[in-house]
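Asks: Sequence:
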Amino acid sequence: MNASPRRKELTRLAAQLFVQEGFDRTTVRMLAQEMGIKSGSLFHHFKDKQEILAAVIEEGTHNALLIARRALDSCEDHPEVRLRAMARAHLETLFTDRNAHVVALFEWRRLTPDASAHLSHLRDAYEALWVAVIDDALAAGLIHGDRFLVSRFVLGALNWTVRWYDPDGPRTPDDLADELVAMIMARQDEQSDSLALRD
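Read in this note's numbering, the sequence shown has 198 at position 198, and its numbers run on one by one without any break.
To be clear, the hints were calculated from the coordinates, so they are not data collected in a lab.
Incorrect hints may have been included.
[Stated by the list, open to error] For lysine-lysine, the following BS3-like pairs were computed, each having C-alpha atoms within a straight-line distance of at most 27 angstroms:
(1) Lys-47 to Lys-8
(2) Lys-8 to Lys-49
(3) Lys-38 to Lys-8
(4) Lys-38 to Lys-49
[Unchecked claim] DEER-style ranges, computed between Cβ atoms:
(5) Asp-174 to Arg-69: 14 to 20 angstroms
(6) Thr-27 to Ala-139: 46 to 52 angstroms
(7) Ser-39 to Arg-69: 21 to 27 angstroms
(8) Pro-170 to Asp-73: 27 to 33 angstroms
C-beta: ideal position from N, C-alpha, C; glycine also.
Work the whole structure out from these sequences, hints included.
Replies: Quick look at the structure:
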């Protein structure tokens, strides 16, 4: 990933436009206008629009991975604490770098096969962190169910907050993360109670 400040700034502006207009409707001319440069100058930084899309998704996914690793490295080594730390880190990523992640969520399918294959290692590394944390919570009996389904439900719920969460509202991202973890753990408690009554 080219990490020059100028390219990062252009990538950030492109992400904003992709969210506003959608990747397919965004033209090179629109991108250049948003970035405050001539269309021809755009190609000094990127080969084409597809490369810009890949740069947006790469930047966002790379940042998500760094934030998640930092959160896990700095928290207590306990399954519930680690689960909360991952949920909070995911929301921090979504709300501090919202545009890049909205693009990653809704425009990934627009990547070329080569770009998708190149970026999959970052996405897989991030998902591997979630799998490890969920495996620990399952092994500790904090939650139960199929690992694949649990991870998809949790990530789906977290990702959808970009559509409805109001950062100026009464709840903080930490509140959302704590509430989600409490909900999936409460479900485990309810099912345990149900089994006990049956016995």
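Asks: If you test the structure against every hint from before, which numbers come out violated?
Replies: 7
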